[in-house]
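Novice: One line per chain: the protein sequences are A and B, in this order.
Here the first sequence stands for residues 0 to 228, numbered as in numbering that gives the first Met the number 0.
Here the second sequence stands for residues 0 to 220, numbered as in numbering that gives the first Met the number 0.
Careful: at least some of the hints might be erroneous.
[Stated by the list, open to error] Derived EDC-like pairs: lysine to aspartate or glutamate, alpha-carbon spacing no greater than 20 Å straight-line: (1) B:K218 <-> B:E164; (2) B:K218 <-> A:D36; (3) A:K133 <-> A:E217; (4) B:K218 <-> B:D133; (5) B:K218 <-> B:E204; (6) A:K133 <-> A:D36; (7) B:K218 <-> A:D35; (8) A:K133 <-> A:D206; (9) B:K218 <-> A:E217.
[To be verified] Residues on chain B that point at chain A, a partial pick, calculated with CB under 7 Å: (10) P39; (11) V78; (12) K114; (13) A126; (14) Q149; (15) V187.
[Claimed, not checked] Computed, partial: chain A to chain B, Cβ under 10 Å: (16) A14; (17) E33; (18) A42; (19) L76; (20) V77; (21) V191; (22) A216; (23) T228.
Hints listed in this document are in silico derivations from the structure and should not be mistaken for laboratory results.
By construction, the Cβ of each residue, glycine as well, lies at the ideal position given by its N, Cα and C atoms.
The lines below spell out each chain.
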Amino acid sequence: MHVPDGFLDAPTSVATGVVAATAVAVSLRGARRELDDRTAPMAGLVATFVFAAQMINFPVGAGTSGHLMGGALAAVLVGPWTAVLCLSVVLTVQALLMADGGITAIGTNITLIGIVTVAVGWGVFVLLRRVLPKTVAMVAPAAAIAAFVSVPAAALVFTGLFAVGGNVPVDLGAVVTAMLGWHTVIGIGEAVVTGMVIASVVSARPDLVHGARPLLAERELLTRKVQVT
Amino acid sequence: MGAGHGHRLHFHGHSPVHRAPAHVKVLTLLGFMLVVVATPREAYAVLAAEAAVLLGVVLLSRVPLTYLLPRMVVELPFVVFAVLMPFISHGPRTEVLGITVSEPGLVAGVALLIKGSIGVLGALTLAATTEPQDLLRGLQRLRMPELLVQIMGFMIRYLDVVTAELGRMMTALRSRGCDPRSPRHWPVLARSLGALFIRSYERGERVHLAMLSRGYDGKLP
């Protein structure tokens, strides 16, 4: 779902570029709070992980395959600011070194895949964390729902950009319906994989999952009597 | 793996395009593509001229077209969209090969195909003629924030390490009868990805400690 050159007109591409640059600048400050002086190597390795995770394709149906976008996954694992940085770097490297996604559409791609999925995913996740029972077991389902919501949200923003900068006389209602329907299916795949990945990390190293840290801090030490015979 | 190695798309050469500084190439491609994107979609002569300029640069770089063309498959998903466009658009109808399609949709679809293909070929030419390390130095010269350059540097440096690790995990899964593409095996796949995340994260921690012990203070020499 990387947008190529020529899909949106020049003003829209430049505008999304400005949005993306601003968001990345803000994230650079935020990431220092999440990772202090470890930012460069840690974010670099997490970006590599996101890239590797995106290489795995899964069948979506009708003979096509989709791959993980990883916005919500990265946000829950390493925190929203670092996630924005990681995804932006991944998208830039893909555009400059792998010809995946147009060079004039870098801003659009960062806005859609880097910012919208992370912001929506993290927002939904934090909301769910507040509502659901405060146990570590709830992190994975919350992350799955967050991932599920984040994909159609990005599709919706893309449709909005297409309405402004696509200048093709298509019936917007039909585009919205098609995009939402299609990306709901992709969202299910994203949700299942995200939930299961988070569940496996939470069971092995819960301290590494950024989204689980407040819950870990609340955990109390359990003491109980054991009958020794 | 380490610095100085080429990457998957790089095509070794010594042409003027290879020797040009990376920041000049990135800016040129960006400017060129902005012009292409801003070209009115019915100005086929202008689009043809732009394609000719790009082909000239490709010839100058001496990267064979047989190397670049098969790698253009990355644009395939959007070819599907471009082909669909005449059917989902409205407006006046026209007939092509006996099928009634929307005229503005057809024009938009053709324009998308042309502009998208120029973009992919241009990006491939940049990737084929630029070493990743040169690209990083170029982005640094273009005043990309230092931290972002460092993150990108680490990503490029460890790209092959981590993807090779994933590849070994996939080989191990397959040799045990698992099909990573089938949804039935998603739980196994997800656990592998979880393990890959933990390994990547811990590798990051080790790299950071190794850098600290060599005097890292937030800046790379």
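Novice: Against this structure, judge whether each hint is valid.
Specialist: A quick look at each hint next to the structure:
Between K218 of chain B and E164 of chain B, the direct Cα distance comes to roughly 28 Å. Violation of the 20 Å bound is thereby established for this hinted pair. Of the supplied pair hints, the one linking K218 of chain B and D36 of chain A holds, its CA atoms being roughly 10 Å apart against a limit of 20 Å. Only pairs whose Cα atoms come within 20 Å are accepted, and K133 of chain A paired with E217 of chain A is accepted, the gap being roughly 8 Å. Among the hinted pairs, K218 of chain B with D133 of chain B is consistent with the structure: their alpha-carbon atoms are about 18 Å apart, no more than 20 Å.
At roughly 17 Å between alpha-carbon atoms, K218 of chain B and E204 of chain B fall within 20 Å of each other, so this suggested pair holds. Using a Cα cut-off of 20 Å, the hinted pair K133 of chain A and D36 of chain A is violated, with the two alpha carbons roughly 31 Å apart. For the hint pairing K218 of chain B with D35 of chain A, the CA-to-CA distance comes to about 13 Å; that is within 20 Å, so the pair holds. Of the pairs offered as hints, the one joining K133 of chain A and D206 of chain A holds, with about 16 Å between alpha carbons and a cut-off of 20 Å not exceeded.
Restraint check for K218 of chain B and E217 of chain A: not satisfied, since their Cα atoms lie roughly 37 Å apart, outside the 20 Å limit. For the restraint placing P39 of chain B at the interface with chain A, the shortest Cβ-Cβ distance is roughly 10 Å, beyond the 7 Å limit, so the hint is violated. The closest approach between the C-beta of V78 of chain B and any C-beta of chain A is roughly 10 Å, which is over the 7 Å cut-off, so the hint fails. At about 3 Å, the closest approach between the beta carbon of K114 of chain B and any beta carbon in chain A falls short of 7 Å, and the interface hint on this residue holds.
Interface restraint check for A126 of chain B: the shortest CB-CB distance to chain A comes to about 5 Å, inside 7 Å, so the restraint holds. Interface restraint check: Q149 of chain B against chain A, minimum CB-CB distance 4 Å, threshold 7 Å, status holds. The criterion of a C-beta within 7 Å of any C-beta in chain A is not met by V187 of chain B, whose closest approach is roughly 9 Å, and the hint is violated. The beta carbon of A14 of chain A is not positioned within 10 Å of any beta carbon in chain B (closest approach about 13 Å), and the interface hint is therefore violated.
Nearest Cβ of chain B to the Cβ of E33 of chain A: about 13 Å, over the 10 Å cut. The hint is violated. Checking A42 of chain A against chain B by beta carbon gives a least distance of about 5 Å; that is within 10 Å, so the hint holds. Because the smallest distance between the Cβ of L76 of chain A and any Cβ of chain B comes to about 6 Å, under 10 Å, the interface hint for this residue holds. Annotation: V77 of chain A was flagged as interfacial toward chain B, and the flag holds, the nearest CB pair being 8 Å apart, inside 10 Å.
At its closest, the beta carbon of V191 of chain A sits 6 Å from a beta carbon of chain B; the interface hint therefore holds under the 10 Å criterion. Hint status for A216 of chain A relative to chain B: violated, with the closest Cβ pair at about 19 Å, above 10 Å. A least Cβ separation of about 39 Å between T228 of chain A and chain B goes past the 10 Å threshold, and the interface hint is therefore violated.
Comparing the model with each numbered hint stated earlier shows that hints 1, 6, 9, 10, 11, 15, 16, 17, 22 and 23 do not hold.
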